[in-house]
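Following the hints, put chain B in place on chain A, whose structure we already have.
Those protein sequences? They're chains A and B, same order as listed. The opening residue of the first sequence carries number 1 in this note's numbering; numbering runs sequentially from there. The opening residue of the second sequence carries number 1 in this note's numbering; numbering runs sequentially from there.
If we take Cβ atoms under 10 Å as the criterion, some of the chain A residues that face chain B in the derived model are:
#: 1; residue: 4
#: 2; residue: 55
#: 3; residue: 91
#: 4; residue: 96
#: 5; residue: 118
#: 6; residue: 130
#: 7; residue: 137
#: 8; residue: 142
#: 9; residue: 149
Sample of chain A residues at the chain B side, in silico, Cβ under 8 Å:
#: 10; residue: 8
#: 11; residue: 9
#: 12; residue: 50
#: 13; residue: 88
#: 14; residue: 134
No wet-lab data here; the hints were simulated from the structure. All residues carry an ideal CB built from backbone N, CA and C; glycine is no exception.
Number of protein chains: 2
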Amino acid sequence: MSRFSDMKIEYRPIGVVHSPFKKRDGMPIQPAGASGIRGTVEIFSEYKDGLRDLEGFSHIFLIYHLHKSAGYSLRVIPFLDTVERGVFATRAPRRPNPIGLSVVRLVGREDAILHVENLDILDGTPLLDIKPYVSAFDVHPTERAGWIEKASEEARKARGDSRFT
Amino acid sequence: MSRFSDMKIEYRPIGVVHSPFKKRDGMPIQPAGASGIRGTVEIFSEYKDGLRDLEGFSHIFLIYHLHKSAGYSLRVIPFLDTVERGVFATRAPRRPNPIGLSVVRLVGREDAILHVENLDILDGTPLLDIKPYVSAFDVHPTERAGWIEKASEEARKARGDSRFT
Numbered sequence: 001m002s003r004f005s006d007m008k009i010e011y012r013p014i015g016v017v018h019s020p021f022k023k024r025d026g027m028p029i030q031p032a033g034a035s036g037i038r039g040t041v042e043i044f045s046e047y048k049d050g051l052r053d054l055e056g057f058s059h060i061f062l063i064y065h066l067h068k069s070a071g072y073s074l075r076v077i078p079f080l081d082t083v084e085r086g087v088f089a090t091r092a093p094r095r096p097n098p099i100g101l102s103v104v105r106l107v108g109r110e111d112a113i114l115h116v117e118n119l120d121i122l123d124g125t126p127l128l129d130i131k132p133y134v135s136a137f138d139v140h141p142t143e144r145a146g147w148i149e150k151a152s153e154e155a156r157k158a159r160g161d162s163r164f165t
Numbered sequence: 001m002s003r004f005s006d007m008k009i010e011y012r013p014i015g016v017v018h019s020p021f022k023k024r025d026g027m028p029i030q031p032a033g034a035s036g037i038r039g040t041v042e043i044f045s046e047y048k049d050g051l052r053d054l055e056g057f058s059h060i061f062l063i064y065h066l067h068k069s070a071g072y073s074l075r076v077i078p079f080l081d082t083v084e085r086g087v088f089a090t091r092a093p094r095r096p097n098p099i100g101l102s103v104v105r106l107v108g109r110e111d112a113i114l115h116v117e118n119l120d121i122l123d124g125t126p127l128l129d130i131k132p133y134v135s136a137f138d139v140h141p142t143e144r145a146g147w148i149e150k151a152s153e154e155a156r157k158a159r160g161d162s163r164f165t
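So that you can see chain A by itself, here it is in the shape it has in the complex (with noise of 0.2 Å):
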């Protein structure tokens, strides 16, 4: 599909992210680590229209660009892991394309500012995208969470362990 190669697909912010997280360290690496963690997504003016009725669902995606990621690695140690893994397997930022993906809770709207908590989002990342995130289409049942499963795993035993000694 040498076609495709070449093409450049061109996006714009419709808006921004504001959030306690002025630096990248320190900041959450899952996003459990950020439950209760408040801010707001402000919407240019010229898309606010499109956010009427999206104060009736508890929880967005929100599609953004990593814009402090400079450049990629198609093998990264992700924060959990200690051993190389594929990035398209982790959540790392430095991706080909760096697009992030998060499911906050919205906990309000004001016009064009949404209120949102459990926030992972470095302050001033700039939004691509919001959908309804809906329980009957975005709850998969999983059999298997690679490396990640195995990662908690560790994890649980060493702290399960460390309780006995």
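Below, chain B without anything else, positioned relative to chain A:
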């Protein structure tokens, strides 16, 4: 944040989706309608190394460019509804940045070809990113699903009534 208005974000496809859906007509309008539909995702050779360890996951997110979507509307009447909604409160394709998001079941990997199931993506769609779907991170207990919940309830009620007429 007017400094953002002129910002252009440029991505390149990392691969292409091969699916039985050659035209938008007749495509599943809900992910549930794609249950069992099989297809492949071809990753371009320069990104192949990023796939390592992906086969450990039973489900993956595909993030893609809705290449057949020309222009956008901020208000749309979703397939599931009869009322105009804000586009960001829907999954409609005519979005300011036409980015699609699907969770598919990863059946297997042969080198740079992913065999997937529950595919609701048009044949020839340029792929932007892959992320592992992990229940521990990606399942969120929702309280409200806005107009979608209402539409489903009404559909259920309508069916319920018709059984007694």
